[in-house]
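Two chains, two frames, some hints: make the complex.
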Amino acid sequence: MKVLKTLWGLLVDDGRLAWTLVIGLVISAVVSMVLRLEFIGALIIWISLVAALIISVEHQLKLKVDRK
Amino acid sequence: MLALDLYSAFASFLGTSVEFVEALTIILAVGVTRGWKTALTGAFTAIVILAVLVAGIGAPLVQVIKTPWVALIVGLFMLLFGIRWLRKAILRYSGLKALHDESESYEEELERQKQAGRTSSGIDKFGFATTLGVTFLEGLEAIFIVITIGLSTSNMTFSIAGAVVATIILLIVGVLLRSPLTKVPENTMKFIVGVMLTSFGGFWVGEGLHVNWPQKDLSILYIAASLLVLSWILVSRSKARLATRQHQSTSMGA
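Here the protein sequences come in this chain order: H and C. Here the first sequence is numbered in this note's numbering, starting from 1 and rising by one per residue. Here the second sequence is numbered in this note's numbering, starting from 1001 and rising by one per residue.
With the rest of the complex left out, here is chain C (with noise of 0.2 Å):
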């Protein structure tokens, strides 16, 4: 009986680890680059509402969870803020746009729109939607584990337990990376959110739009390298031409 006690619970820590893992990889990001306080309120509220649902629905709310449309809207809004942050970085490493030039229309309408997303308060609220939409949605899975694993083994107790074993362990994760993360230079850590938005933004795109990823979750780190492949030959292409037509110009000049 013990063994299928432990056999829940490190179940249940393992599955629910997956999931927070993926959270907190955005949170991070979206901390070191749109602030702490937006980064955590967004994650908290999503906590606060996750908890009102298991307490008013409980084990019932496995059947409610399966909702590809919460997937389709908030990995939308993931994929369209992701891939424009990261077609701006690799225009910035390629030369085709500076790395801080404020008078660039660009900037100006980022800016603007910077400033209409931010309250009295400090929060941002795009950052803020997407940390409440990212660990709603990892939550939700959470739960759907623990519920799960919990049911089929009869013991929801050692369940639960390895679910906060997990969401410990990974707390005392994120504290630890968080000051290390704020080292990175600026365009660096757009460029790194820019691909883990898009990558996991065009996931749950997919999930809401029921396509069938290959190997399920990991099909994000097969999207992410690709991006990460094609953002350098797109850099290095850029970076080539614009040294190319330099020469050129030069030449005809002399």
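Extracted from the complex, chain H is given alone in its bound form (with noise of 0.2 Å):
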């Protein structure tokens, strides 16, 4: 319990960052498992891990100079 738990704390400790990463996992999954497009699916994965982060730190910034 306590491991789902963290794991749930994992995910909402910034809802942008995980949504964007779950949203190109599920997207990879579906272009390369089912579209069968492998070479794309791996772009995909690679282009999620980026844009969660720049997602991510661009409103922590917005939210600290806006707060300025």
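Wrong hints could be hidden among the right ones.
Claimed, not checked - Label pairs and their calculated CB-CB ranges:
#1 H/Arg67 with C/Leu1171: 47 to 55 Å
#2 H/Ile55 with C/Lys1216: 25 to 33 Å
#3 C/Ala1051 with H/Gly15: 40 to 48 Å
#4 C/Lys1037 with H/Arg67: 39 to 47 Å
#5 C/Ala1055 with H/Glu58: 47 to 55 Å
Source of the hints: derived by calculation from the structure; they are not laboratory data. We put the beta carbon where it would ideally sit given N, CA and C, even for glycine.
So this is what it looks like as structure tokens:
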């Protein structure tokens, strides 16, 4: 139970980061396993990692700048 | 015949070295950030499980090893764990989070999770699961290499000998690197671990989803390199924006 709680903590710590990743991985799974475009699937995972970090950090930056 | 024996041992040595270097990197990183007892217990547990599997199943284990679910679950776990650390390290380098600000709710949550993850024996559950996962996965791949080379050259003894030599050399490297790594600042270490876990995790999730990584394992390095460049851009941009905003606030106040 503690493990599940902590895993949930990983997800809710930053919803933007988690959801960008999850959506990217789901799209990658569909593209790779259903459409059989395995290389595009790899690219989508890589782009998801980059996009998740950009969205999360930019949001924090916006909050900080608006607050000042 | 001797040439084939040596070839078998050398091929096994090289193949298993690559896998063990990957595992050793994560074990060292977890050891520095979450404690050596945790890191080594996780790795040792995985070795015991692998030993039982090899003793129980033997050569047919090659057929069992190709399990994408293992890569998917371990990869997802490492990815979530790693990208969270990476994000936090970027925010700290940027000045968006204080380097040590225990009053932040984020830190409180992290501390709560840390406490929840520790047992009375001092083992950190997530550190344990990370080193167990990485050692198990890389160990499985190493076993696959040893068995495949041993069967194809009809010389299992030399194939295993090559793997044993690789293991001994990497254990010595691990012991030698342990002390210098503890001198690295905490945020820097968490940043490095974040990059490594995110790149390894992303790669393994991809393996679980049957994507086609260009140049296979080398993609881990490409992902890590892109994360380093991205982090540098995000930190530079955030610092510049914060400095501009600070300058504007000062001008308006004067």
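Tested hints:
no.	hint	in the structure
1	H/Arg67 with C/Leu1171: 47 to 55 Å	holds (50 Å)
2	H/Ile55 with C/Lys1216: 25 to 33 Å	holds (29 Å)
3	C/Ala1051 with H/Gly15: 40 to 48 Å	holds (42 Å)
4	C/Lys1037 with H/Arg67: 39 to 47 Å	holds (41 Å)
5	C/Ala1055 with H/Glu58: 47 to 55 Å	holds (52 Å)
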